[in-house]
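The chain contents come next:
Protein chains: 2
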Amino acid sequence: MEDTRKEIVTLLRQKKYRELKTVLEDLFPVDIAEILEELTGEECIILFRLLYKEQAAEVFSYLGVQERKQIVSAISKDLLSYILSELYFDDKIDFLEEMPANFVRGVLAAASPEERGQLNQFLNFPENSAGSLMTIEYVDLKQQMTAREAMARIKRVGLDKETIYTCYVVDNTQRLEGILSLRQLVLADEEQRIGDLMHTEIVSVEAHDDQEAVAELFKKYDLIAIPVVDAEQRMIGIITIDDIVDIIEKENTEDFQKMAAMTPSEQPYLDTGVLRLARGRIVWLLVLMISATFTGAIITKYEALLSSAVALAAFIPMLMDSGGNAGSQSSTLIIRGMALGEIGLRDWARVLWKELRVGLIAGILLALVNFARMALLGHNELAVCMSVAVTLLLTVVVAKLVGGLLPIGAKALRLDPAIMAGPLITTIVDAFSLVIYFGIASVLVLNK
Amino acid sequence: MEDTRKEIVTLLRQKKYRELKTVLEDLFPVDIAEILEELTGEECIILFRLLYKEQAAEVFSYLGVQERKQIVSAISKDLLSYILSELYFDDKIDFLEEMPANFVRGVLAAASPEERGQLNQFLNFPENSAGSLMTIEYVDLKQQMTAREAMARIKRVGLDKETIYTCYVVDNTQRLEGILSLRQLVLADEEQRIGDLMHTEIVSVEAHDDQEAVAELFKKYDLIAIPVVDAEQRMIGIITIDDIVDIIEKENTEDFQKMAAMTPSEQPYLDTGVLRLARGRIVWLLVLMISATFTGAIITKYEALLSSAVALAAFIPMLMDSGGNAGSQSSTLIIRGMALGEIGLRDWARVLWKELRVGLIAGILLALVNFARMALLGHNELAVCMSVAVTLLLTVVVAKLVGGLLPIGAKALRLDPAIMAGPLITTIVDAFSLVIYFGIASVLVLNK
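Residue numbers (my numbering), protein chains in the order written: chain A, 16 to 463; chain B, 16 to 463.
The set of hints was computed from the structure by calculation and includes no laboratory data. From the three backbone atoms N, C-alpha and C, an ideal C-beta is built for every residue, glycine too. Careful, some of the hints might be misleading.
[What the hints assert, rightly or not] Straight-line distance between alpha carbons at most 30 angstroms, and here's what the computed DSSO-like set of lysine-lysine pairs gives: (1) LYS157(A) <-> LYS234(A); (2) LYS84(A) <-> LYS234(B); (3) LYS235(A) <-> LYS234(B); (4) LYS265(B) <-> LYS316(B); (5) LYS235(A) <-> LYS265(B); (6) LYS265(B) <-> LYS107(B); (7) LYS426(B) <-> LYS21(A).
[As the list claims (entries may be wrong)] A short, non-exhaustive set of chain B residues, derived as facing chain A with CB atoms under 7 angstroms: (8) GLY173; (9) GLN189; (10) GLU231; (11) GLN282; (12) VAL289; (13) ARG291; (14) LEU303; (15) GLN344; (16) LEU348; (17) ARG351; (18) MET353.
Just chain A, same shape as in the assembly (with noise of 0.2 angstroms):
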C-alpha cells in the first residue's frame, strides 16, 4: 500500500496520467481515498478528476470533509450530480449535512419533490438518534407475496438497495408486520407464503431512539440491520451493521475524553484547530484547579505542624498519587462495566463489597512495602514511617471505595458516570488523604 501510494504520487508529479489512470482501476475506493487525504488541494482534485464516473462516486463516499469540499467545488455539474445520485441515502444526508446552507439548498431545488420531501425530513432529525444514521433503501415485501415472486421482486429492485439481506413485510399502510432474511429466503420452497415464512418477533427502534442505545441491540441480537418505525409501526428505514461499528467506535472515544476531563469531540485531532482544542479542555482544568484550592487549604491548616515536621511534606506527592492512581483503576473498571451492560445500579453493594476487599489487599501490600523501604533506606523517624504507611492504607481503601461507588451514584442520579472518573475522584481522594495524614502526624509526630 505505501509502495502503491508512492508510485501514485511519483505518477501524479511527473504528469503521467495515462500511467496513473491504469494504476488507480485495481485499487479499492477506500485506498484512493487514503491517498486523496494526503495529497495537497491541487493534486487531490486531479487525481479525482482522472477516476471513472463510477469509482468517483465510491472514492467520495469515504472521503473526509475537507477532501470534499475542495472537490466539490471544482468538479462539473454534471460529475457531482452523478456521485449525488450515486451516494446510499444515508451517505447523501451525511454529506448535506457537512455542506454550507446555499449549497444544500441547491441540492434540494434539483431533487425531485418526493425525495426533497424526505431529505427534509432526515436533515431534520437529531443528531446522535436514530433518525440520523437510517437510509431509505431496504425492501419491503407482502405477505401473499410466494417466496417466487419475493425474488423476483428483489431482483427488480435490489440494485439500489444497500442491503437486501434483511428484508421487510409491510402491510398496505406500511405498518411492519414482519422479516424475513434472504438466507431463509433462499432456501425457502419457491411456492411457499411470505406470510408463513417471515418471523414477527422484531427488534425495531424509533427514530428519536438514542444510537447508543440502537447499537446495543446490534451487539445483543448480533444484527447485521434494524428497522426504523414510528410510533405506528410503520416502516421509515432500516440502520445497517457497519454505521454502527461507528457508533461504537464514537461512543468509546467520547468515553474516552471525557474520562481523561475534557468536552467530547468527534473531528479526528489532527482535524481540529488549536483554539477549538484548548477550549474542550481548559473548562475541566479551571474547574480542577480551582476545586484543588480544598487541598492547598488543608496544607495550610497544617502549616505549624509540617514547619516543625517538614520531612512529612516529602510524602505527600507519593501519598496523592497512589491514591489517585487506586482510584482510577476501580473507576475505570466500574464505568466501562457499565458502558457494557455488565454493572448495573442494583451491583452497588456486590462492588463496595469487592472494592473493600480489593483495597485492603492492596493498601495493606503498598503500605508494607512502603514502610519497609522508608524504614531501610532512607533516614526517617518511625513516627513518619507510620504516619505514610497507615495513611497509605486507608487513602487506598478510600479511594477504591469512591472509585467503585461514585461512578454508580453518577448513574443513579442520571448523570454520566464517565465524567465522575479519575479527575473528580482524584479531587476527593486527595483531600481526604491529606487529612488523614495530617490527623495521623499530629498525634504520632508531635507528640512522640
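Add chain B to chain A, keeping to what the hints say.
What follows is chain B alone, placed relative to chain A:
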C-alpha cells in the same frame, strides 16, 4: 423485559412448569440467557430443562462460562451432544476452550476423525489470532458453475453455514480465486458463470494475524465477513462481523484498563475474584508508588527552602494535579487517535506544534486565573503568587508536550502507547513541576 423476568421467576417458584414453557416459547434466546444468568444454580438448570431442544441449543450459545459448566454437568448426554452438534463451529471452539481438559477429550473422542482434526487445529490457534475467531462454515463455489447451479448449491449446503452472504470461489486445491456476494448472485442472470461474476480483488487475512488488525480491515472496508487463508492462499475459514464487534469492544476495554494502569483482563468485573482483581492492580500501584520516590527526593532536597517558606507547600497538590490532568488530556487524545488510525508516527511534528500552542493557551489562562485568585483572595506574598503562576504555566506546557509525544515515542519503540499514558506521564510531569517550582521559589521567595 423486567416484567417477563419477574413472571418467569414467580412461575418457577410456584412450580407451574407448563405455563412457564408457554411463556418461554415466545422469548428471544438471548433474553432467556439473560434470565438464566440471574437465577441460582438449581433454578437455572430447571429452567434450562424446560426449553425445547432447538431453543436450548441457541440459548446455550449466549450463556456465560459459569452457567455453561453448571448446565453441562446436569443435562443428559443426548441433549449435550445435540447442543454440541447445533453450535456454530466457532462457538463450539470457544466453548471447548473454557471447559476442563477431560471434558474436551471426551468431545474429541466422540467426534468423527475429520472433525477431530479440525477441532484440534482450531484449539491450537493462539488466543488473539484470526484463527481463534474463524469458523469453517462458509459456502464455496467453483468458477465453472452458473449462477443457477450456485444457488442450488447454496440451497443444499446453506442451512449449516454461519453466513451465506459472501460466497468463496476456490479451485480444486481450495485456493481462493474470487468472492461473490449473495446479493450479486441473486441479482445475476441465471446462466452467467461464477467465474465472470466474481470479484478477484480480495481482502483476506492469515490465521496467525492479530485480531486487532482483522478488526481494522472490517472497519476500513465495511465488511460483513473476511476469508482466512494459509500461506498458499488456500481457504481455511471465515470470520464474521458479529465476532468483530466483540473484538472491537474488547480492544477498547483493554485500552481503558491499560490507561488506568491495570493489567488488562477480559473477564467481566463481577465474575472476577478479589485476588485476581487485586493482582491486576497492585503491580502498577507499586511501580508508580516507588517512582514517586523521585518527587519525594526533590522535596527533601529543598527542605531548607520549605521550612523557611512553608506556605509554598500548600500549592504542591494543585500544581501536580493540574500537570497530571493536562498531560492525560493530551495523551488520551493521541493514544485514541493512534488506535483509530488517525494519527501515525510521521505526525509527531504536527502533534508537537499543536500541543505547544494548546499548552501555551491553556497554561497562560490557568496561570492568570490562579494568580488573580491568589493575589485577591488569599493572603499570599507576591513572590509566592509569582512562583506558582510561572510554575503552573510551564507545567501545563510541558505536560501537554510529554502527553502528546510519549505515546508516539512508545509506538516508535514498538511499545504499547496505552501503557505510557496517565500514570507514567504524571510521574514525569510531577518531578518536572517540583523542580521548576522550587527553582523559581529559591530565587523569588528566598532572595526577595
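query: Okay, which hints does this one fail, numbers in order?
result: 4, 9, 10, 11, 13 and 18
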